[in-house]
Amino acid sequence: MKFNEDSRVKIPSILHLTRLGYKYLSLKGAVWNEETNIFTDIFIESVQKINNDLEVDEAKRLLSDVSLLLDNEDLGKAFYERLSQKTGHKIIDFENFENNTFNVVTELTYKNGDEEFRPDIILLVNGLPLVFIEVKKPNNREGIIAERNRINKRFQNKKFRRFVNITQLMVFSNNMEYDSDDMDTIQGVFYASPSYHKPIFNYFREEEMLDLNSLLLPENDTTENEVLKDNNLVIIKHSPEFLTNKDSNTPTNRVSTSLFSKDRLSFILQYAIAYVNESSALQKHIMRYPQLFATKAIENKLNEGIRKGIIWHTQGSGKTALTYYNVKFLTDYYQKQNVIPKFYFIVDRLDLLIQAKREFTSRGLTVHIVNSRNEFVADIKSKAALHNERGNAEITVVNIQKFSDDAKIVTEQDYDINIQRVYFLDEVHRSYNPEGSFLANLEQSDKNAIKIGLTGTPLLGTEYNSKTLFGDYIHKYYYNASIADGYTLKLIREEIASNYKMVLEKALKEIKVLQGDVPKKKIYADARFAEPMLDYIVEDFESFRLMNNDASVGAMVVCDSSDQAKMLFEIFNNKYRDTLALDKVAEERESYGDKKRESYKVKKAALILHDIGTKEERKQEVEDFKDGKIDFLFVYNMLLTGFDAKRLKKLYIGRLIKKHNLLQTLTRVNRTYKDYKYGFVVDFADIKAEFDKTNKDYFEELQEVLGDEMEHYSNIFKSKEEIQEEIADIKEILFHYDTLNAENFSQQISQISDRKKMLGIVKALGNAKSLYNLIRLFGHYELLEKVDFKKLSVLYREANNHLQLLNQKEALENNIDTTNLLNVALEDVVFMFNKVGEEELILADQLKDTLRKTREELASNFDKKDPEFVSLYDELERLFKKKKLNEVTQEDMKANIGALKEIHAKILELNRQNKLLQTKYDNDPKYCRIHKRLVEKGGLTKRESQLFEALQSVKSEADLQVIQNSRLLQNEGYLDKMMIKLVINQFVKQNNIKLNPETSKFINNLVVQEYTNEFHGRTA
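One gets this note's numbering by counting positions in the sequence shown from 1 and adding 10 to each.
By construction, these hints were calculated from the structure, which means they are not laboratory data. Be careful, since some hints might not be right.
[Said to hold, decoys possible] Here are the computed lysine to any residue pairs in the SDA-like style, where the Cα-Cα straight-line distance is at most 25 Å: (1) Lys500 <-> Phe214; (2) Lys511 <-> Gln734; (3) Lys306 <-> Asn106; (4) Lys367 <-> Tyr285; (5) Lys613 <-> Lys500.
[Unchecked claim] Derived Cβ-Cβ restraints for the label pairs, each shown as a range: (6) Phe872 <-> Ser553: 25 to 33 Å; (7) Asn1015 <-> Lys684: 50 to 58 Å; (8) Lys656 <-> Gly1027: 38 to 46 Å; (9) Asp986 <-> Arg71: 37 to 45 Å; (10) Ser190 <-> Gln971: 40 to 48 Å; (11) Lys930 <-> Glu982: 51 to 59 Å; (12) Lys208 <-> Lys687: 41 to 49 Å; (13) Thr371 <-> Lys208: 37 to 45 Å; (14) Val880 <-> Arg1028: 13 to 21 Å; (15) Arg607 <-> Arg1028: 27 to 35 Å; (16) Gln345 <-> Lys930: 49 to 57 Å; (17) Met219 <-> His746: 19 to 27 Å; (18) His248 <-> Lys687: 24 to 32 Å; (19) Asp621 <-> Met219: 25 to 33 Å.
Values in this document were obtained by computation on a predicted structure and should not be read as measured data. The C-beta atom is built at its ideal place from N, Cα and C for all residues, glycine as well.
Could you put together the complete structure from these sequences and hints?
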């Protein structure tokens, strides 16, 4: 039978969506606007239904207004705001969500000019294409990666702006369970919001027990037959594989239920989308699944009458974003009860107040800052819910010091039962001593307030316990889940090298000889100790940048004291600060390689201490670090918690930090960034014992707190055993190769034809880059001697290039009909210019783009036996056989561009003609091919319309027979006898086309072969 992504994933998924309440809509006869893909008739009818007073002309004007919003260069922000609007004329009825019109369609063309793509499944709400789903068959890793790359390119293409702007949610699936060992979001079902650049794909792990009996409609045979006929897949109806894939528990169907059941989709469209103004560009975010379930958990607690509790989400999981989403959600939650909520975000440090303000403002909230105790008292007593006059959603950010020492701020007569205060308390693992005044004052400020504590490391113990102070856990999300979901990274702890330890010991002795017995704090701040420490840090970090071929990463040095921080900063400015601009004015222009090496050097640092500079200056330096303008931060107490900078990938710990503060500090480097697999911690202070003790305490007390949930909590560090195992693998794989000489290495690997072996080498080199300091630490000196770690990036690039060529070669050789020449993105791997000028690069880009368009258009042709297609394909193949494409000249490139444009124009016209004919046969390519073969043979009839009428009638009767009993396809003898009767009846008796025995047999063979090829999944 046909065994591909359509039959295995797409059709079963469509049928599952119909059971979720989405009516299947055939594109035949449907009406939609090709510029926006809005189904105009459905939209007009739906908005009239949900807006009782709306006339047809007003509905049409509403359609026009909505369509105009899609032209904005705003990632669909204006459209989304109109979509979610609940006053005036509604586009979606969120009060009665079932009142909307829900449809599912397939293969809807998203087209602008000569550029187009067709998502597998599209969900319409009131005729608006708000969701699309791309599916691939299982075990098709390359197919998923290729599809991701295609969607990135499409969304970067301005021709598709309207389609990007109207899409709210995308799902990509290969219908497999997640692979816990794979850090790439490839295997499984992933969801994302659109982006003009590169969408971020999220895991979804359902946490609620869904009642499928109430969520899913019964299977409907009539609907199933309609879908199968419309997609020309009647042959799969009775196959065991199809029955298996219809199961509601397949990965794709499970996530479809989680995201697209009516209540969930309503929730996502209203509350799970955020537009974020980041320094680089406007971004569209969607709730991560733990944020979604934390929000649902808050709702459940409130419904139970519980007014306080803790959200325990590991650092880096987005607690500020969670607060933003809950401002949206809880505003509606309380307004439905005729209560006006007032939201407060409470922090315990000024830098966190500034950061919170920036995060909330970037998401569109109006942020009110309380600057004094009196302001806070006035705010609490105010009956107004908002400070801004526009009616924007608002949150008040408060530093805990603003809570006065007065025992009571709000008196009984100050209470307004129509106002509900909601306090989000940031980081409830510190500064909340119950013996101090803050907690009492917070409690007394409004006894009726909702208090939601946020933490990544709750206080555990008998003295001050977060749970005792702030209530039970509302929702929990631990380190290992966050790491598995790709939201945070595991950490690697590096000890300092033994030769450097000797330098430090010598410096310590010299200082003690000169100054006698002095406090260690003073010794560590001495220039004779600080300078070799800084030299080590700078050399180590520059090597780290070089090995990762990435000058964008930054580092933080946590100093032993503020005096040491000041000394390190002073030495840095005298020794390393960038003076290149002055020194190199008269020098000749640098080579590219010299510039690259220069970019890895550290040139600028900032000192962040509470008594250095003004608040505004410190704020600007922190922003500059986040923007990549500063290489190093020297800190003592500040920025150790609550500081988020994705580019911070290396942390140098110069003092012992204790308990939960240590965990907080370490996780500054656990944010995901580019392709980094780990965050790195360099340990000057021997934190291992303290970390082990803290981790042990957490484990012991967690056992009491969490019980059976202990299995969900794990170490944030990569274990020594795991590291040793990886190093052993690296040594074994690289044993046979010259890794000291990049040229020899390149020649050696060029002789490898085994893709798996090459994949192992690439992986080993990648791991070696990450584990360099640990290889040194564990004393694997033979590996250090064998591999020039400064050349690792070059070796890795060479190995990766050869792997790409092997991928291409395997793809071409493993496909009997060589159509993989059209399915592999050759344009991404064939150009390897060693020396190129600007003009050559421009030509190469033109050639790549023309090749891509030609390849994709040829690949979309469904009749590979058409003589005209064969001719065009041969022309393309001849181009590739002329000479190596990395050796072509400018003239060659210009000639190739011309030849490709000619092939492209011809295949465009051939595909246009094919599509016209395919439409006649209800988009069934089988009968389109049969029709063309009969026209090529000639002699049947002078009128193609007469041939069409005969074949269309054969199709109708044959499809009916197959859908009633697809087992007849397993018996070709019986099928042959049945089909010959249909052919003779329709051609001779019904349409008066004379047939001789030979012609009858020829037609019958064509029909039978098409059906059996489709059934067995053979290429037509």
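Here is how each hint holds up against the structure:
1. Lys500 <-> Phe214: Roughly 20 Å between the alpha carbons, so the hint for Lys500 and Phe214 holds.
2. Lys511 <-> Gln734: Holds. Lys511 to Gln734 sits at ~23 Å (cutoff 25 Å).
3. Lys306 <-> Asn106: With Cα atoms ~19 Å apart, Lys306 and Asn106 stay inside 25 Å; holds.
4. Lys367 <-> Tyr285: OK: Lys367 and Tyr285 at ~16 Å, within 25 Å.
5. Lys613 <-> Lys500: At roughly 28 Å apart (the allowed maximum being 25 Å), Lys500 and Lys613 break the hint.
6. Phe872 <-> Ser553: 25 to 33 Å: violated (54 Å)
7. Asn1015 <-> Lys684: 50 to 58 Å: holds (56 Å)
8. Lys656 <-> Gly1027: 38 to 46 Å: Since the Cβ atoms of Lys656 and Gly1027 sit about 45 Å apart, the hinted range of 38 to 46 Å holds.
9. Asp986 <-> Arg71: 37 to 45 Å: violated (60 Å)
10. Ser190 <-> Gln971: 40 to 48 Å: About 47 Å separates the Cβ atoms of Ser190 and Gln971, which means 40 to 48 Å holds.
11. Lys930 <-> Glu982: 51 to 59 Å: violated (28 Å)
12. Lys208 <-> Lys687: 41 to 49 Å: With Cβ atoms ~18 Å apart, the hint is violated.
13. Thr371 <-> Lys208: 37 to 45 Å: Given range 37 to 45 Å: violated, Cβ gap about 24 Å.
14. Val880 <-> Arg1028: 13 to 21 Å: Taking Cβ atoms as reference, Val880 and Arg1028 lie about 18 Å apart, which means the hint holds.
15. Arg607 <-> Arg1028: 27 to 35 Å: violated (55 Å)
16. Gln345 <-> Lys930: 49 to 57 Å: holds (55 Å)
17. Met219 <-> His746: 19 to 27 Å: violated (54 Å)
18. His248 <-> Lys687: 24 to 32 Å: For His248 and Lys687 the Cβ distance comes to about 47 Å; the hint is violated.
19. Asp621 <-> Met219: 25 to 33 Å: violated (55 Å)
Hint check: violations occur at hints 5, 6, 9, 11, 12, 13, 15, 17, 18, 19; the rest are consistent with the structure.
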